[in-house]
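A.B. asks: Take the given structure of chain A and dock chain B with the ligands to it, following the hints.
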Amino acid sequence: MDGSSVELSPRKNSKLVIYLLGAVLPVGALLLWQVFGQLGYISTMLFPTPATIFGAFIQLTTSGLLMEHFQISVTRMVIGFLIGGGLGLLFGIVVGLSKPVEKALDPTVQMIRMIPHLAVAPLFILWLGIGEESKVLLIAKGAFFPLYINTYLGIRSVDNKLFEVARTLGFNRWKLVRLLVIPSAVPNLLLGLRLSLGVSWVGLVVAELMAATSGIGYLMSDARQFNNTPVVFVGIAIFAVVGVFTDTVVRLLEKWLLRWKDSYQG
Amino acid sequence: MSNSIVSINQLSKTFHTNKDQVQALRNINLDIQEGEFITVIGPSGCGKSTLLKIIAGLDLDYQGEFLLEGKNVKGPGIDKGYIFQEPRLFPWLNVERNIAADLNIRDPKVREKVDELINLVKLTGFEKSYPRELSGGMAQRVAIARALLRNPKVLLLDEPFGALDAFTRAHMQEVLLDIWKKNKTTMIFVTHDIDEAVFLGNRIVILKPRPGSIQDIVPVVLPIPRKKTSESFQEIRLQVVNEFEKIEALQSAF
Ligand SMILES: Nc1ncnc2c1ncn2[C@@H]1O[C@H](COP(=O)(O)OP(=O)(O)OP(=O)(O)O)[C@@H](O)[C@H]1O
Ligand SMILES: [Mg+2]
Numbered sequence: 001m002d003g004s005s006v007e008l009s010p011r012k013n014s015k016l017v018i019y020l021l022g023a024v025l026p027v028g029a030l031l032l033w034q035v036f037g038q039l040g041y042i043s044t045m046l047f048p049t050p051a052t053i054f055g056a057f058i059q060l061t062t063s064g065l066l067m068e069h070f071q072i073s074v075t076r077m078v079i080g081f082l083i084g085g086g087l088g089l090l091f092g093i094v095v096g097l098s099k100p101v102e103k104a105l106d107p108t109v110q111m112i113r114m115i116p117h118l119a120v121a122p123l124f125i126l127w128l129g130i131g132e133e134s135k136v137l138l139i140a141k142g143a144f145f146p147l148y149i150n151t152y153l154g155i156r157s158v159d160n161k162l163f164e165v166a167r168t169l170g171f172n173r174w175k176l177v178r179l180l181v182i183p184s185a186v187p188n189l190l191l192g193l194r195l196s197l198g199v200s201w202v203g204l205v206v207a208e209l210m211a212a213t214s215g216i217g218y219l220m221s222d223a224r225q226f227n228n229t230p231v232v233f234v235g236i237a238i239f240a241v242v243g244v245f246t247d248t249v250v251r252l253l254e255k256w257l258l259r260w261k262d263s264y265q266g
Numbered sequence: 001m002s003n004s005i006v007s008i009n010q011l012s013k014t015f016h017t018n019k020d021q022v023q024a025l026r027n028i029n030l031d032i033q034e035g036e037f038i039t040v041i042g043p044s045g046c047g048k049s050t051l052l053k054i055i056a057g058l059d060l061d062y063q064g065e066f067l068l069e070g071k072n073v074k075g076p077g078i079d080k081g082y083i084f085q086e087p088r089l090f091p092w093l094n095v096e097r098n099i100a101a102d103l104n105i106r107d108p109k110v111r112e113k114v115d116e117l118i119n120l121v122k123l124t125g126f127e128k129s130y131p132r133e134l135s136g137g138m139a140q141r142v143a144i145a146r147a148l149l150r151n152p153k154v155l156l157l158d159e160p161f162g163a164l165d166a167f168t169r170a171h172m173q174e175v176l177l178d179i180w181k182k183n184k185t186t187m188i189f190v191t192h193d194i195d196e197a198v199f200l201g202n203r204i205v206i207l208k209p210r211p212g213s214i215q216d217i218v219p220v221v222l223p224i225p226r227k228k229t230s231e232s233f234q235e236i237r238l239q240v241v242n243e244f245e246k247i248e249a250l251q252s253a254f
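Order-wise, the sequence lines are chains A and B.
Take 1 as the starting number for the first sequence in the UniProt record's numbering and just add one per residue.
Take 1 as the starting number for the second sequence in the UniProt record's numbering and just add one per residue.
Don't take every hint at face value.
[Claimed, not checked] Simulated restraints on C-beta separations:
1) Val-241/B / Leu-257/A: 49 to 57 Å
2) Lys-175/A / Val-241/B: 43 to 51 Å
3) Arg-210/B / Pro-100/A: 37 to 45 Å
4) Leu-90/A / Asp-165/B: 20 to 28 Å
5) Asp-193/B / Leu-90/A: 47 to 55 Å
6) Gly-28/A / Asp-165/B: 36 to 44 Å
7) Arg-251/A / Glu-133/B: 18 to 26 Å
[To be verified] A short, non-exhaustive set of chain A residues, derived as facing chain B with CB atoms under 7 Å:
8) Gly-22
9) Val-165
10) Arg-167
11) Thr-168
12) Phe-171
It should be emphasised that the hints constitute simulated quantities derived from the structure, not laboratory data.
In this text, all values refer to a predicted model and were calculated from it rather than measured experimentally.
All C-beta atoms, glycine included, are put in the ideal place defined by N, C-alpha and C.
One chain only, chain A, in its complex shape (with noise of 0.2 Å):
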C-alpha cells in the first residue's frame, strides 16, 4: 500500500510539469506580444494586444453575437461533414468490396480528386448562389474524398493469411465483412475521418469567406472591411480552438478503438 502510493505521487508530479513545460512557449509568447503591444514596439493596428483581442472576444460573446454566428458555421460544417464523410465511407465500403464496382467507379472518382479542392469554390457558387448549398457542398466535397480512398484502402489491406483463417473457420461473406474487413480496416478509416475533418474544415472557412452572410468567416470578412483586427483574431482564435477540439475527439477515438493495437506510443 506504502509503496504504490509513494511511487504515484513522484509520476503525477512529473507528469503537471511536462504539462507546464509545454505551457511555457505560448505563455511567454502572449506575454510578449502583450509587453511589445504597450510599449508601442509593434503596431497594435496589425497586431492588437491578446488583452485587446480578448476583450473583443468578451463583447462578441455577451451580445450573442458570436453564438449566433458559431452556431451557424458549426451546422453546416456538420451537414456537409456527414453528407461528404458518409457517402465517402459508403462508396470506400462498396468499391472496396466489390472488384466491378471498382473497374468502372474508381477511375472516375480519382480523376475528380486531382481536381484542387478549393478550385470549384467559384463554380459552387455560381451555380448555387450564396446561400448555404454552395457551401454545404464544398464542405461536403472536401470531407468525401479522404474517407473514400482511406476506407477503401484499408478494406484492400485485409491480411491474406487471416482470410484462410476466416475461411477455414467457415465465414459466410457477411461474417467475413463484419468479423474480419471492417477491424481491419479500422485503422484506415480513422485516418481518413481525420483527414476529412481537416479538409472540410478549411472548405468551411473558404466558403465563409468567400460569399457569406454570417458564420465565423463572414464576421472576420465583416471586421477586416472596417479595419476591426480584433475581431479577426478572435475568429482565428476559434477555428484555431475548434479544429484542436475536433481532433482530440477523433484522436481519443482512435486511443479507444485501436486500444488492441501494439504501436510506438512515445
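C.D. replies: Below, chain B with the ligands alone, put in the same frame as chain A:
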C-alpha cells in the same frame, strides 16, 4: 477401406509462378481411416503445408484424386479444423473472443465450452488479454482452442507446437491425445520433430523433397501413453532416422 475418411490417389501439385514452376507434390497415395492419428514428417520445403492445405480445402488446384468421406471437397469449413504454422489470431479480439470468433460469447453454451477450452490449454486468467500481450506459445494455444471449439471431424495441424517450450509442448501433446481419445477426431499432424512424430502418431508418413513424395509410412504399434525412453519407442525412432538418412544420401547425390 469402407471407413477411410481421407483417400488420396495419385495426388500432384505444381505451383506456377511468374516464369518458373515448382512441383511441390508428386503422386501421393494415402488412405486415412476414421479416428487415426497420422503424423507427417519431412525436411523443410517438402510439401507438408501444401498437402495439409489441399486436405483442408484451402487449395483446390491440384491433379489427381482427393476424397473426404468419399466426396470431393469444394472448399474449407469447420468440419476440417486447421491450425496454422503461426497462431494467426485476430489482433483486435481478446483471447476468449478469438476462440469464439463468429460464435456469440454471451451464449451460455458457447461460454461454457470456451471456458473449458481455456482451462484445457492453460490460459486461465488471460481471457481478456489481446494477442499482442501473449507470448508466441500462448497465442498458438489460443489458435488450438479456436479449432477445437468447432469439434471438427478432421483436425489438421501444421507444426502447431514448434513455438512452444519443452514443458508446454509435452503438456499440449498430452492434451491432444486426450482430445483424440475422447472425441475420436481424425488427426493429421505435421511436425519436424521425430520424437513428437513417434509419440503421437499411429502411423508416420515420411515425405522426401523435390518433388514432395512419400518415402515411407511407418506404423507405430505402441500402447498409449508412450514412454519416450522405452526400448520399443527407440526402435521405431531409429527406423525413422534411417529413412531420413536415406533421404539425405539421395539429396547429396545431386
Ligand atoms: N504459394 C506458393 N507459390 C509458389 N511456390 C510455393 C508456394 N507455396 C509453397 N511453394 C513451394 O512448394 C514447396 C513446398 O512448400 P511447403 O510450404 O508445403 O513446404 P513445407 O514442407 O511445409 O516446409 P516447412 O517445413 O518449411 O514449413 C516449396 O518448394 C515451396 O517453395
Ligand atoms: Mg510448412
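A.B. asks: If a hint holds in the structure, say so; if it does not, say that too.
C.D. replies: Verification of the supplied hints:
no. : hint                              : result
1   : Val-241/B / Leu-257/A: 49 to 57 Å : 53 Å, holds
2   : Lys-175/A / Val-241/B: 43 to 51 Å : 46 Å, holds
3   : Arg-210/B / Pro-100/A: 37 to 45 Å : 41 Å, holds
4   : Leu-90/A / Asp-165/B: 20 to 28 Å  : 49 Å, violated
5   : Asp-193/B / Leu-90/A: 47 to 55 Å  : 51 Å, holds
6   : Gly-28/A / Asp-165/B: 36 to 44 Å  : 57 Å, violated
7   : Arg-251/A / Glu-133/B: 18 to 26 Å : 23 Å, holds
8   : Gly-22                            : 30 Å, violated
9   : Val-165                           : 5 Å, holds
10  : Arg-167                           : 5 Å, holds
11  : Thr-168                           : 4 Å, holds
12  : Phe-171                           : 6 Å, holds
Going down the numbered hints, you'll see the structure goes against 4, 6, 8, while the others check out.
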